[in-house]
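Build the full structure now, drawing on both the sequences and the hints.
When you line the sequence shown up against our numbering, it's residues 792 to 957, in that order.
Hints are supplied without guarantee of correctness; some may be wrong.
Result set (SDA-like, lysine to any residue): computed pairs, CA atoms no more than 25 Å apart in a straight line [what the hints assert, rightly or not]:
id	residue 1	residue 2
1	Lys813	Leu863
2	Lys881	Thr837
3	Lys803	Gln911
4	Lys813	Asn847
5	Lys881	Ile842
6	Lys809	Gln911
7	Lys813	Lys881
8	Lys813	Arg835
9	Lys809	Ser930
10	Lys809	Pro926
11	Lys890	Gln911
12	Lys890	Leu909
13	Lys813	Gly838
14	Lys809	Ile842
15	Lys890	Thr837
16	Lys813	Asn931
17	Lys809	Thr837
18	Lys869	Ile842
19	Lys869	Gly941
20	Lys869	Asp816
21	Lys813	Thr948
22	Lys869	Cys912
23	Lys809	Val908
24	Lys869	Glu893
25	Lys890	Thr943
26	Lys813	Arg894
27	Lys809	Asp928
28	Lys803	Pro815
29	Lys890	Thr948
30	Lys803	Gly848
31	Lys881	Arg894
32	Lys809	Arg835
33	Lys881	Ser866
34	Lys869	Ser836
35	Lys869	Asn931
36	Lys881	Leu909
The following label-pair restraints were derived from C-beta to C-beta distances [what the hints assert, rightly or not]:
id	residue 1	residue 2	range
37	Lys813	Ser882	17 to 25 Å
38	Thr864	Gly913	15 to 23 Å
39	Thr864	Gly929	19 to 27 Å
40	Gly913	Arg835	37 to 45 Å
Hints were generated in silico from the structure; no laboratory data involved.
In this text, a Cβ means the ideal position worked out from N, Cα and C, and glycines have one as well.
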Amino acid sequence: MLMLVLSDTHGKLDRGEKTIRKYPDAQYIIHLGNDFQDAFDLERSTGRPVIPVAGNGDGWGQAQGVPWDRVLTTSAGKIFLTHGHRYGVKSGYEALAGKAAERGCVAAFFGHTHQAVLTQCGGITIFNPGSIAYPRDGSNGSYGIVEIQGDTMTCHTEELGFESRP
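Right under this line is the structure:
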């Protein structure tokens, strides 16, 4: 199974659309917030379902039925999906990992920092695909690819290759 993970699109829908179209075999497309409305717009423009969570700039998303957090069940285990701002991810990953463990998850995917990261914390895989629109890690913008085969999950980021730096 292939998953595409986007975060922090902040209205740059062209980048999201090109990325989604690049992966027609992705079974899940996840949007980790800011701006959750982008997830709905990407879904409409590409015809592909997108799973959103609300970000720190999306407070009114709760009124639209978009949750702060979700849990996605896969053959490799449960994945905690969140934007990350509610767990202090700019200061560390302990609270995020703790919440993921509390929910029975093996991994936590988040955005918010606009910086790609793949690490472990408290036995939980911590993955941030970076920002597709406004990266803060020196990249051209990035997104995440997650491959699941049986009980094995592999995560990595890909840098945008179709535009110059924002």
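Each hint, compared with the structure:
1. For the suggested pair Lys813 and Leu863, the alpha carbons sit about 23 Å apart, so the restraint of at most 25 Å is met.
2. The suggested pairing of Lys881 with Thr837 is violated, with an alpha-carbon distance near 32 Å, which exceeds 25 Å.
3. The suggested pairing of Lys803 with Gln911 is violated, with an alpha-carbon distance near 30 Å, which exceeds 25 Å.
4. A threshold of 25 Å between alpha carbons decides the hint, and for Lys813 with Asn847 the separation of about 28 Å lies outside it, so the pair is violated.
5. For the hint linking Lys881 to Ile842, the alpha-carbon distance of about 24 Å falls within 25 Å, and the restraint holds.
6. Distance check on the hinted pair: Lys809 and Gln911 sit about 30 Å apart at the alpha-carbon level, beyond 25 Å; violated.
7. For the proposed pair Lys813 and Lys881, the alpha carbon gap of about 30 Å is over 25 Å, so the pair is violated.
8. Between the alpha carbons of Lys813 and Arg835 the distance comes to roughly 16 Å, so the proposed pair stays at or under 25 Å and holds.
9. For the proposed pair Lys809 and Ser930, the alpha carbon gap of about 17 Å is at most 25 Å, so the pair holds.
10. At most 25 Å may separate the alpha-carbon atoms for a hinted pair to count; Lys809 and Pro926 meet this at roughly 17 Å.
11. Our distance criterion of 25 Å between C-alpha atoms is met by Lys890 and Gln911, whose separation comes to about 14 Å.
12. A distance of roughly 17 Å separates the Cα atoms of Lys890 and Leu909; the hinted pair therefore holds under the 25 Å criterion.
13. Our distance criterion of 25 Å between C-alpha atoms is met by Lys813 and Gly838, whose separation comes to about 14 Å.
14. With a CA separation close to 17 Å, the supplied pair Lys809 and Ile842 stays within the 25 Å bound.
15. Proximity of Lys890 to Thr837 is assessed by CA-CA distance (about 33 Å); at most 25 Å being required, the pair is judged violated.
16. With a C-alpha separation of about 17 Å, the suggested pairing of Lys813 with Asn931 holds against the 25 Å cut-off.
17. Taking the CA atoms of Lys809 and Thr837, the gap is near 9 Å; set against the 25 Å cutoff, the hint holds.
18. Distance restraint check for Lys869 and Ile842: the Cα-Cα separation of roughly 15 Å lies within the 25 Å cut-off, and the hinted pair is therefore satisfied.
19. Proposed proximity of Lys869 and Gly941 is supported: the alpha carbons are some 13 Å apart, at most 25 Å.
20. Between the alpha carbons of Lys869 and Asp816 the distance comes to roughly 21 Å, so the proposed pair stays at or under 25 Å and holds.
21. Between Lys813 and Thr948 the alpha-carbon distance is near 14 Å, which keeps this suggested pair within the 25 Å criterion.
22. At most 25 Å may separate the alpha-carbon atoms for a hinted pair to count; Lys869 and Cys912 meet this at roughly 16 Å.
23. The hinted pair formed by Lys809 and Val908 meets the criterion: a straight-line CA distance of about 22 Å does not exceed 25 Å.
24. The straight-line distance between the Cα atoms of Lys869 and Glu893 is roughly 11 Å, inside the 25 Å bound, and the hint therefore holds.
25. At roughly 22 Å between alpha-carbon atoms, Lys890 and Thr943 fall within 25 Å of each other, so this suggested pair holds.
26. With a CA separation close to 32 Å, the supplied pair Lys813 and Arg894 exceeds the 25 Å bound.
27. Proximity of Lys809 to Asp928 is assessed by CA-CA distance (about 21 Å); at most 25 Å being required, the pair is judged to hold.
28. For the given pair, Lys803 sits about 20 Å from Pro815 by alpha-carbon distance, which is consistent with the 25 Å threshold.
29. Of the pairs offered as hints, the one joining Lys890 and Thr948 holds, with about 23 Å between alpha carbons and a cut-off of 25 Å not exceeded.
30. In summary, the hint linking Lys803 to Gly848 is supported, as the alpha carbons are separated by about 15 Å, within the 25 Å threshold.
31. Using a Cα cut-off of 25 Å, the hinted pair Lys881 and Arg894 holds, with the two alpha carbons roughly 21 Å apart.
32. Between Lys809 and Arg835, the direct Cα distance comes to roughly 14 Å. Compliance with the 25 Å bound is thereby established for this hinted pair.
33. Restraint check for Lys881 and Ser866: the C-alpha separation of about 30 Å exceeds 25 Å, so the hint is violated.
34. Proposed proximity of Lys869 and Ser836 is contradicted: the alpha carbons are some 29 Å apart, above 25 Å.
35. With a C-alpha separation of about 30 Å, the suggested pair Lys869 and Asn931 falls outside the 25 Å cut-off, and the hint is violated.
36. A threshold of 25 Å between alpha carbons decides the hint, and for Lys881 with Leu909 the separation of about 14 Å falls inside it, so the pair holds.
37. Taking the beta carbon of each, Lys813 and Ser882 are about 34 Å apart, not inside 17 to 25 Å as hinted.
38. Distance hint check: the CB atoms of Thr864 and Gly913 are about 20 Å apart, consistent with the given range 15 to 23 Å.
39. In this structure the hint that Thr864 and Gly929 lie 19 to 27 Å apart at CB is violated, the actual value being about 35 Å.
40. For the hinted restraint 37 to 45 Å between Gly913 and Arg835, the CB-CB distance of approximately 38 Å keeps it satisfied.
Going through the hint list in order, the structure does not satisfy hints 2, 3, 4, 6, 7, 15, 26, 33, 34, 35, 37 and 39.
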